[in-house]
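Produce the entire structure from the sequences given, and follow the hints as far as they go.
From first to last, the protein sequence lines are chains P and C.
Residue numbers for the first sequence follow this note's numbering, so the first one is -12 and each next one is one higher.
Residue numbers for the second sequence follow this note's numbering, so the first one is -12 and each next one is one higher.
FYI, nobody ran anything at the bench for these hints, they're computed from the structure.
It is possible that part of the hints are untrue.
Repeated chains share a single entry, so a pair holds when one copy, or any two copies, can fit it.
As the list claims (entries may be wrong) - Okay, derived cross-link-like pairs now, DMTMM-like style, lysine to aspartate or glutamate, Cα gap no bigger than 20 angstroms in a straight line:
| id | residue 1 | residue 2 |
| --- | --- | --- |
| 1 | Lys82 | Asp15 |
| 2 | Lys105 | Asp15 |
| 3 | Lys136 | Asp15 |
| 4 | Lys21 | Glu63 |
None of the values given here were measured: they were computed from a predicted structure.
Protein chains: 2
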Amino acid sequence: MLKLVTERLYLEDLRVGQRFTSASHLLDAGQITKFASEFDPQPFHLSDEGAAGTLFGSLAASGWHTAALTMRLLVESVPLADGLIGIELELAWPKPTRPGMALQIFSEILDITPSRSKPDMAIVTLRSETRDQDGETLQRLTVKMPVFKRPTG
Amino acid sequence: MLKLVTERLYLEDLRVGQRFTSASHLLDAGQITKFASEFDPQPFHLSDEGAAGTLFGSLAASGWHTAALTMRLLVESVPLADGLIGIELELAWPKPTRPGMALQIFSEILDITPSRSKPDMAIVTLRSETRDQDGETLQRLTVKMPVFKRPTG
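This is the structure:
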């Protein structure tokens, strides 16, 4: 089922297995080196020359850049009314993110566990895969988030 | 033992229990809203007004901003010769990161598992806590990274 971004979702609107697909974001070398200069200034994230002879071979984005871009696309594609607030998560980067890739996020609700102490809340587990334009997985994220019921009255 | 940042560490230089302490980074509201505008544009990361009535109450940094700043401080404080390359990780944010906080990273090597297929490599597990100026933990990160032996010949 296609969800409009203008729809704001509460706990009652969510079910295990529900899926969300983001728009895509085209990454270029300038974005990669700008992020890396500020947050992850390692040679393989700054130039092809710096990446030569490393595990990456040529310029690759910081995994934290892939994660931050994923968050941007998640905010736009998983429209939780009270926002996306991660408590804890697991993250893996099976493949480097490169200039020229178009990133798109495919998310699915894995679990909904009602809070024992807060009757208006549940912890929702979302799995989000960040894929390139060929469908290759660049990042796997599994995150637990508090989600609230629709306010009453 | 205090390690100079100019020292470049190879696998032979690492041991379980080894610790690393970063410099501190003072965060302000401008940095928080700039990052959030680009990567996590949710109201509670953009202004005090937007955070009122949410779980955060007042302006709080995106967890991905805390993570990215942590990476910057890790690059400066854990001087692995071949770089810090995360394969997979676990991350938790027990407490919001706020304007005015000075972030500092306390890291410890938890495990070193030699690769079965690559004799010059091991997977090193590093735990890094991001703490504020009062020693309160803002982020817990446990990350697995490939680390290589000193090249020979």
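Against the structure, the hints come out as follows:
no. : hint           : verdict
1   : Lys82 - Asp15  : within (17 angstroms within a copy, 34 angstroms between copies)
2   : Lys105 - Asp15 : neither (44 angstroms within a copy, 33 angstroms between copies)
3   : Lys136 - Asp15 : neither (40 angstroms within a copy, 33 angstroms between copies)
4   : Lys21 - Glu63  : between (23 angstroms within a copy, 18 angstroms between copies)
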